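Sequences listed follow chains Y and H, in order. Quick note, the first sequence lines up with residues 1290 to 1399 if you use the numbering used here. Quick note, the second sequence lines up with residues 468 to 586 if you use the numbering used here.
None of these hints come from the bench; they were simulated from the model. Do not take every clue at face value.
Said to hold, decoys possible - When the alpha-carbon atoms are kept at most 20 Å apart in a straight line, the in silico EDC-like pairs for lysine to aspartate or glutamate are as follows: (1) Y:Lys1290 x Y:Glu1304; (2) Y:Lys1290 x H:Glu526; (3) H:Lys508 x Y:Asp1328; (4) H:Lys508 x Y:Glu1294; (5) H:Lys533 x H:Glu554; (6) Y:Lys1290 x Y:Asp1373; (7) H:Lys508 x Y:Asp1373.
As the list claims (entries may be wrong) - DEER-style ranges, computed between Cβ atoms: (8) H:Lys531 x Y:Glu1304: 44 to 52 Å; (9) Y:Glu1304 x H:Gln527: 21 to 29 Å; (10) Y:Ser1335 x H:Ser476: 17 to 25 Å; (11) H:Pro553 x Y:Gly1349: 23 to 31 Å; (12) Y:Leu1303 x H:Lys481: 40 to 48 Å; (13) Y:Ile1301 x H:Thr498: 37 to 45 Å; (14) Y:Ser1335 x H:Gly483: 32 to 40 Å; (15) Y:Leu1303 x H:Asn518: 28 to 36 Å; (16) Y:Leu1303 x H:Gln496: 39 to 47 Å; (17) Y:Ala1368 x H:Thr549: 47 to 55 Å.
Being a predicted model, the structure only gives us computed values, none of them experimental. Each residue gets a CB set at the ideal place from its N, CA and C atoms; glycine is no exception.
For reference, the chains in residue letters:
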Amino acid sequence: KNQVEQSPQSLIILEGKNCTLQCNYTVSPFSNLRWYKQDTGRGPVSLTIMTFSENTKSNGRYTATLDADTKQSSLHITASQLSDSASYICVVTGSYIPTFGRGTSLIVHP
Amino acid sequence: GAVVSQHPSRVICKSGTSVKIECRSLDFQATTMFWYRQFPKQSLMLMATSNEGSKATYEQGVEKDKFLINHASLTLSTLTVTSAHPEDSSFYICSARDPGGAERDSPLHFGNGTRLTVT
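With the rest of the complex left out, here is chain Y:
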């Protein structure tokens, strides 16, 4: 069964600090892995998309890593801002249909 597990479930950090979110998956076959940011009451917005051969991809203060051997990905956020408070969702696509993680709820306090 295809599964995507994210940790931690929730995270509270101070503004300006860095943080790392984790995503482990058991999706097969593997096509790509995406990280999305979802603000409350809004649809998810794509941050990064990575394929099998990519190890690292950055988008501004967001850096995603992928280890296809261990089937793990991380999303690192540097110099957090209040606007980073949101749910971060890891989505792994295998045979066309995406599998969603439960998300990590990030709260950035001033």
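We have chain Y already, so just place chain H on it with the hints.
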């Protein structure tokens, strides 16, 4: 700007009535769109895959007669919640894949969701 438009953003209806939600791709033609529902503090749950010109594919446990999906054109898919009940109250989101690139590279674009409240 938004590439997938979802309407309405919020709807309140009485129990027993039907509600239609529209999902439009604005800058591309989407042969496939996805419909999800999301309960508070839960992840998105895929309900069905909408295919232009053919019947939708429903996930296990999703009643196809209750959640009617129509994908009549390459830019529009609709989800109709028929005979809505309070337990159908949820956040419904659609997404579409931009076929401009290879599947492995093309991102899913999401609508901003529809908050359905059934009283």
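Hint by hint, here is what the structure shows:
In summary, the hint linking Y:Lys1290 to Y:Glu1304 is not supported, as the alpha carbons are separated by about 38 Å, beyond the 20 Å threshold. Of the pairs offered as hints, the one joining Y:Lys1290 and H:Glu526 holds, with about 14 Å between alpha carbons and a cut-off of 20 Å not exceeded. Note on H:Lys508 and Y:Asp1328: the hinted pairing holds, with a Cα-Cα distance of about 12 Å set against a maximum of 20 Å. For the suggested pair H:Lys508 and Y:Glu1294, the alpha carbons sit about 15 Å apart, so the restraint of at most 20 Å is met.
Annotation: proposed proximity of H:Lys533 to H:Glu554 holds, straight-line Cα distance about 13 Å (limit 20 Å). At roughly 32 Å between alpha-carbon atoms, Y:Lys1290 and Y:Asp1373 are farther apart than 20 Å, so this suggested pair is violated. Distance restraint check for H:Lys508 and Y:Asp1373: the Cα-Cα separation of roughly 17 Å lies within the 20 Å cut-off, and the hinted pair is therefore satisfied. For H:Lys531 paired with Y:Glu1304, a C-beta distance near 47 Å keeps the hint of 44 to 52 Å intact.
Restraint check, Y:Glu1304 to H:Gln527: a C-beta distance of roughly 43 Å breaks the suggested window 21 to 29 Å. Remark: the range hint 17 to 25 Å for Y:Ser1335 to H:Ser476 is upheld by a beta-carbon distance near 20 Å. One distance hint, 23 to 31 Å for the beta-carbon pair H:Pro553 and Y:Gly1349, is violated here, with the actual separation near 41 Å. The beta-carbon spacing between Y:Leu1303 and H:Lys481, approximately 46 Å, falls within the hinted interval of 40 to 48 Å.
Our hint of 37 to 45 Å for Y:Ile1301 and H:Thr498 holds, since their Cβ atoms are close to 42 Å apart. Between Y:Ser1335 and H:Gly483 the Cβ separation comes to about 38 Å, which falls inside the hinted range of 32 to 40 Å. Take Y:Leu1303 and H:Asn518: their Cβ atoms lie about 47 Å apart, and the range 28 to 36 Å is violated. The hinted range of 39 to 47 Å is satisfied by Y:Leu1303 and H:Gln496, whose Cβ atoms lie roughly 45 Å apart.
In this structure the hint that Y:Ala1368 and H:Thr549 lie 47 to 55 Å apart at CB holds, the actual value being about 48 Å.
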